[in-house]
Amino acid sequence: MLLLKEETHEQQSKLAEYCKTGIVPELDGIIEENLHHYRRLVFNIGIDTIETAYPITYRFLPDEIWDKLVYEFYAEHKCQTPQVWRMPLEFYEYCVEKDIQGKLNIPFLNDLLYFEWLELEMHTMEDIPYPSYDTKGDLLKNLLAINPEHKLVKFTYPVHVLAATELEGKEGNYFLLMYREKESGRIQFMDVSILYAYILEQIQNGLTLHAVLTDADSLFQINNFEMLKEHALVFINDLKQRQFILGFLNK
Amino acid sequence: MQLKDNKYIGIGFRKDFSEELLDSTVLKPAFIELAPENWIGMGGYWKKQLDKAAEKFPISCHGLSLSIGSPDELDLDFLYKIKKFIKQYKVQIYSEHLSYAKCDNAHLYDLLPIPFRKDAVKHIIARIKQVQDVLEMPLAIENVSYYTPVAAEMDEATFISEIVNGSGCNLLLDVNNVYVNSFNHKYNAKEFIKKLPLDKVAYIHMAGHEQISDTVIIDTHGEAVIDQVFDLFEYATGLLKPVPVLLERDFNIPELEELQGEITRMETIVSKTWKKEHAIA
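From first to last, the protein sequence lines stand for chains A and B.
Positions 1 to 251 (this note's numbering) are the ones given, in order, by the first sequence.
Positions 252 to 532 (this note's numbering) are the ones given, in order, by the second sequence.
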């Protein structure tokens, strides 16, 4: 840093700032008519990356609003990741921090962006070691081994179920289970009720299905353990068939 | 890089055609090149593809975001991730651009021209040495295409030469970039090449570009390599020892036959200019 003179740093900063904002700076010894190529090239990479990551939001927002949002993000935000494919996360975080959904009066915008980011993240995230498990055991009494490459997410709007144009007025509690298939790497999505979300969360926390159902029976005021068990086993068997539940944890 | 059967020409490993490449009997590069930024920390399907590619081809790495010419401090955390990646995939050539892509704590994800100035030379020499110390291997630095100089106080060839000679790094000679710059800045491409420290060239890049006006060519990597760039390649390789050569094609990916055609044309050229049997060290 000490080897670089302030005036050289200043020239570099001005060019970089121009690429972010498009506001033409005074730079020494440049070919003025060519300067715009840098702004265009830098900005296009940013736009393409964000639009590819958020295709639903991009299509949903009117062009002028989307363009303004992306412009402001690029001008105001300092992208921190050296990996451009991770940059869309910073776009989502920027929108949350700046309360873009409040400013645009689109109350489901944060959920929508987060849903789209999660799909990308699930697809690309680093591999997580699978637990050691047996294929035979008792679904109720043994600890269940689950696919570690999953996320259980709560949304306020059903962005994973309905089109963006149908979300207005649908505020509530919605849960999405996303997991990555081991062999194909494909991402599977499953809308789950609050009860099943609770069951999955507790299994993940290391409880047996029997213990979870015992708790859930009173917590959700079902007061019918046998009925709950019957429905839960259908759900759990379905997840086993989908290979989200892998089997039974080895002790 | 150890390459087999006097084959020198590799191709950029792009997700757009990775599946085709891995199964292809048409496209037969000697090695593949990838940007570590696009693969570090990636799991799932793409990690599997990368691992398959690593089993089939030697890998070179060409970085995008180290930002060797940045006024900012080097991102050491990221550099150590690159080091780990290089070790994991037995990468023997790691190159970066003589440009900056980050400034004042903001990544821009494209290559901006460094002012050709004496203080920038000193600054970059120190950074390259730091990178080489961390990686425990030489860095190859690429001459980049640029559309305007900024506050220059020396010419481009002098700037590159002083950095390469002062840092002890290698030079990645991007022949297409020489052609693009010679057109945009109206100099003689062959004369330019002769001024470079050719004994330090460890790697060559070839690519296509797009002429967008009477006075400007943009380095797009989205078109076929033109005849004039093949001619310049023939001229350059006549001055050099044998080194790996990389065909860059990032956009408008054509049929693999077309890419192999470009590879074959380069192989034919180097079979003349590099007549002797060589194992690339």
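Calculated directly from the structure, the hints in this document are not laboratory data.
The structure presented is a predicted model; accordingly, all values stated were derived computationally and were not measured.
Be aware that a few hints might be false.
[Claimed, not checked] Computed cross-link-like contacts, DSSO-like style, restricted to lysine-lysine with a CA-CA straight-line distance of at most 27 Å:
#: 1; chain 1: A; residue 1: K240; chain 2: B; residue 2: K299
#: 2; chain 1: B; residue 1: K380; chain 2: A; residue 2: K182
#: 3; chain 1: B; residue 1: K380; chain 2: A; residue 2: K5
#: 4; chain 1: A; residue 1: K151; chain 2: B; residue 2: K332
#: 5; chain 1: B; residue 1: K266; chain 2: A; residue 2: K182
#: 6; chain 1: B; residue 1: K445; chain 2: B; residue 2: K380
#: 7; chain 1: A; residue 1: K151; chain 2: B; residue 2: K299
#: 8; chain 1: B; residue 1: K307; chain 2: A; residue 2: K151
#: 9; chain 1: A; residue 1: K182; chain 2: B; residue 2: K445
#: 10; chain 1: B; residue 1: K373; chain 2: B; residue 2: K341
#: 11; chain 1: A; residue 1: K182; chain 2: B; residue 2: K307
#: 12; chain 1: B; residue 1: K334; chain 2: A; residue 2: K78
#: 13; chain 1: B; residue 1: K255; chain 2: A; residue 2: K182
#: 14; chain 1: A; residue 1: K14; chain 2: A; residue 2: K68
Comparing the hints with the structure gives:
1. Proximity of K240(A) to K299(B) is assessed by CA-CA distance (about 24 Å); at most 27 Å being required, the pair is judged to hold.
2. Restraint check: the Cα-Cα separation between K380(B) and K182(A) comes to about 42 Å, which exceeds 27 Å; the hinted pair is violated.
3. Restraint check for K380(B) and K5(A): satisfied, since their Cα atoms lie roughly 19 Å apart, inside the 27 Å limit.
4. A threshold of 27 Å between alpha carbons decides the hint, and for K151(A) with K332(B) the separation of about 26 Å falls inside it, so the pair holds.
5. Of the pairs offered as hints, the one joining K266(B) and K182(A) holds, with about 20 Å between alpha carbons and a cut-off of 27 Å not exceeded.
6. For the given pair, K445(B) sits about 25 Å from K380(B) by alpha-carbon distance, which is consistent with the 27 Å threshold.
7. Distance check on the hinted pair: K151(A) and K299(B) sit about 21 Å apart at the alpha-carbon level, within 27 Å; holds.
8. About 34 Å separates the Cα atoms of K307(B) and K151(A), which puts this hinted pair outside 27 Å; it is violated.
9. Our distance criterion of 27 Å between C-alpha atoms is broken by K182(A) and K445(B), whose separation comes to about 53 Å.
10. For the hint linking K373(B) to K341(B), the alpha-carbon distance of about 31 Å lies beyond 27 Å, and the restraint is violated.
11. Distance check on the hinted pair: K182(A) and K307(B) sit about 22 Å apart at the alpha-carbon level, within 27 Å; holds.
12. A threshold of 27 Å between alpha carbons decides the hint, and for K334(B) with K78(A) the separation of about 25 Å falls inside it, so the pair holds.
13. Annotation: proposed proximity of K255(B) to K182(A) is violated, straight-line Cα distance about 35 Å (limit 27 Å).
14. The straight-line distance between the Cα atoms of K14(A) and K68(A) is roughly 22 Å, inside the 27 Å bound, and the hint therefore holds.
In terms of the numbered hints stated before, the structure departs from hints 2, 8, 9, 10 and 13, listed from lowest to highest.
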